[in-house]
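K.L.:
Dock chain one against chain two, each of which comes alone in its own frame, and use the hints as you go.
Going line by line, the protein sequences match chains A and B.
Just so we're aligned, residue 563 is where the first sequence starts under this note's numbering, counting upward by one.
Just so we're aligned, residue 201 is where the second sequence starts under this note's numbering, counting upward by one.
Derived from the structure by calculation, the hints contain no laboratory data.
Careful: at least some of the hints might be erroneous.
Derived pair list, reagent style SDA-like, types lysine to any residue, alpha-carbon separation capped at 25 angstroms [what the hints assert, rightly or not]:
#: 1; chain 1: B; residue 1: K465; chain 2: A; residue 2: H781
#: 2; chain 1: A; residue 1: K820; chain 2: B; residue 2: G468
#: 3; chain 1: B; residue 1: K465; chain 2: A; residue 2: A813
#: 4; chain 1: B; residue 1: K465; chain 2: A; residue 2: L764
#: 5; chain 1: B; residue 1: K465; chain 2: A; residue 2: S751
#: 6; chain 1: A; residue 1: K717; chain 2: B; residue 2: N217
#: 7; chain 1: A; residue 1: K821; chain 2: B; residue 2: Q342
#: 8; chain 1: A; residue 1: K833; chain 2: B; residue 2: D426
Per the computed footprint, the stretches of chain A lying under chain B, defined by three or more beta-carbons under 8 angstroms from a beta-carbon of chain B, are [claimed, not checked]:
#: 9; segment: 761-770
#: 10; segment: 777-786
#: 11; segment: 834-842
Remember, predicted model here, so these are calculated numbers, not experimental data.
Backbone N, C-alpha and C fix where the C-beta goes; we use that ideal spot for every residue, glycine too.
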Amino acid sequence: MTGASAKSLLSLRDVKTYFPVTRGVLFERTVSVVKAVDGVSLDVSRGEVVGLVGESGCGKSTLARTIVRLEPPTAGQILFEDRDLAALSPREMRSVRPRLQMVFQDPYASLNPRMTVFDAIAEPMLVHRVVRRRESAGKVAQLMEQVGLARRYMKKYPHEFSGGQRQRIAIARALALDPQLIIADEPVSALDVSVQAQILNLIRRLCDERNLTLILISHDVAVVRHLSHRIAVMYNGKIVELGEAEQVCAAPRHPYTKKLIGAIPVPDPDKEAARLRARQ
Amino acid sequence: MPLLEVNDLRTWFYTRNGTVRAVDGVSFHVEPGETLGIVGESGSGKSVANLSYLGLIPSPPGKIVSGSAHFDGLDLVKAPAGVLRSIRGKRISMIFQDPMTALNPYMTVGNQVMEPLLVHEEVARSEAAERAGQMLDAVGLQDASGEEAHMRAYPHQLSGGMRQRVMIAMALVTNPQLLVADEPTTALDVTVQAQILALIKKMQERLGTAVILITHNLGVIAGTCDRVVVMYAGRIMESAPTRELFYSPRHPYTRALMDSMPSAKSPGEDLYTIPGLPPELTSEIVGCPFAPRCAHAVDACRQRPAVLKPVGPEHQTACTRVQEGGL
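So here's chain B without its partners, still in its complex pose (with noise of 0.2 angstroms):
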């Protein structure tokens, strides 16, 4: 059973020029352990998606406007705010692409991480404090002269790299079974993502945790993930294992994305670029979102809905040129 089942996701905002259909008929599902990334470019409801089901869209503007995201059996859309409060920072947790900004700047480190236990454990400090040493040192924040120095550290005094240690052993102090991370190295140089995407890995080996992988980066998603879903405009376009996306994409839209990157490319060559600019979302797009940019697109493509449906065993496309063997 999976743990987390979501299942024709729709949030929209309310603005003033318009509803703007973020993310526009989502389902996907994460399995316990496994690591499901989702990449997709700005302003593809990559993120919208995951802080939806999570409470976090702030409403109004935004709405959930359909759908529904089991976890272990509740349904989060439907759950009152004090239970998601309760999951949230205990069986969930997520971290941030910025550090900075996601940790409080007055309050020690110790003291943060300490935090989601005191909140949801209801432990006695003096016990939150050695799990959150032990946490502090699980994620490499080595407390160098054996005085809980890291413990009293200040935000400000870490580097990028980290603070995100920090954020990832707040993370998973409880112990959670579902870690959300959105872009959680995009702030960061590449050595020091290396560090933080092992750690990741190491951490999720070492309890069992699943992980949601946010990225624009497909590099990341290639070393890291499981399973992968490729998002634009609201909207899942393919979702696969991620041996078989990179290797057989068959989604147009993949295709594109994959030949764009400079490494697809030998040095000299022009590299390949999707014409046009991804649609407005605050009208409702009848066809298959992608196929004004499309080069495979038929006029059926902008008059019938594109609907995710199986082209492999766990292999699903929304490209209907895909699923009618025509591509």
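In isolation and in its complexed conformation, chain A is listed as follows (with noise of 0.2 angstroms):
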């Protein structure tokens, strides 16, 4: 896609992330490099959600991660905004950070159990500056209400939240600088089926709401696919294929995809019957 740039809140050229495989102690040596993400180019259009999916070790994280500078990326560049983060140093990152947030796959590890739901949210506008300290409780508050949480529950802690109120905690804080892109690592796949159906209509409202652009990473086709316009499929590193989310998902023209689509058991005793006989 040349010339997708103009219109790309996000670009990714050749982007890749090596992880030296080290030897010894005192006199430490590389032996081998692991290729978590190896030539990795998306393009990614303002407003879009984009789904990335694979098995565990695929790279996803990795490449999740090295969008946001949380790994140092060994090679390529990262257009955001037509600024290449790759390339930006620590404190020049530090102004685009409000611009791209994280939202990680376990909000039970990912808020800190001694804040509360109130310092948790406010603490990325105080940081950055954005409101004052006396103004934030009714900025908290609003965002609260736009996740489906009670203001009520403004003082409480972490773990007098479930999972999926957590999760809803995870995204308010994401959604407290007002990013254009969100980077969502497998946000539901610690919850339960009817709670997750609420996190993903919650994600999708928020989406079409703020036009906001998600890259929604998983390992649950049907999860991405959902939500998706458009799906890349990750495998050792490498993009293999990105399409039309339904393209992919009922035509797939890579081998890996097809195999990956292929070994989902579809909740329909009929179809599985007959994509357990397909299989054999």
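P.N.:
Pasting the structure below:
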């Protein structure tokens, strides 16, 4: 997709993230490298939801962490609003961070147990000085309302909430700085089906209302298919297939995508029996 | 005659924060050679119900308050610990979700698969080693070099899928009549999950083992189970043959669960959500435990106990409105 960068909010150009494998303690030497992300190029336009699917170890989380510079890229360009994040200094990166936020899988681990809901949601706004402390309560209440949490919970601690509610808190925190791009890494994998549905509806509504750009990472193709406009399939650090969500799921082209889609059990006994027969 | 018949099982946990009625009057049965699926969300009691009759609930705080579990004529709930020990791992085997924590990191794979044979069948080491090797071959842990290398491997040298294969080999090496598989593929990737489910099925056909498959994944149920039991808040909401449960679910909870799956709706549509949260299990629930979240609940649902009753051949539901023909 050449020329797409004009409209693209995020453009990845041949991004590589390698991890050295070292041996020895005192005289540490690199014996090999793990190519976690190995030459990924991807354009994401404003307001688009791109799903990133793949199995464990395919590099999808490392790619997410690389985009927000939680891992330094080994090579390549990460063009976000036409600035190359890969080339920014840590200080410059700080000024970009409010505009790209992450939501993680485990809402039990991603929230500080010693911070109240108010503290957790207000913290990013206070750190980046977008609100004054005395105005923060109003802003936090507004955010809580948007993610479906009653404002009376503001002074409660994470352990007092269920997994689904914690994920709502994490989403409110991510939205606090009014980001352009959100990267959600397995946001519903730790949740039960009925709660998962609530969070998926919430994410979709927020994307629509705020014209958010979302990169949704999941191992669950059904979840990704439901929310995404386009789907990228990762395998071995590379994107092996990229296309319209329906296209990728209904008529996969790459052999790996075929294998992946073909392995998903369908909650319908007759279709499932047909799928199992087809596999043999 | 059923191989296992669980009747009105209640397992409560006595904690500082009150009595948690984790399993509260659960009855189901398993026929020889069949696969029974038990589906439910976290905290529904699906694991505790099965750990209870196997004597694997830590006590205190847990206690089987009432009920029975007849396995081949013997009530496991009343059986002394020694008798249970002779059954577990021999006639009833288990596999768990996380094959890393379920395997002993200090023991080779071969020794772990041999162990049930040495303990339960008192066979000679050489015979146990031979049978363990055959079992590992059968579950697809091939001995590439022909020098028993697969027997000498340690768990950390294997991938998650391979470890789960070892667990299956360990569970089936004694030729059990019943295999209890608690979320056996939840920690695995989908492509590996497909392999493991196919393996369980293959071994089941070969050995005639009955399987209880505990899972939260309705897709896994659809492809592997003959009958399904749906649990919620420590009770059974519905029980039916698999096709019937999927194509004509009767209980509102079962229907809500199916509607809330992403595959149930076309992209862009809102998913169905169940309002509210599952009930606290620390207080006694008088009526139907699902009533506070149910779109079809009437006053009677909150007052009258919901008891599992037949609504068709082999099809039971605990919804009183369905039983009375109101839904």
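K.L.:
So, against the hints stated earlier in the document, which numbers end up violated here?
P.N.:
none
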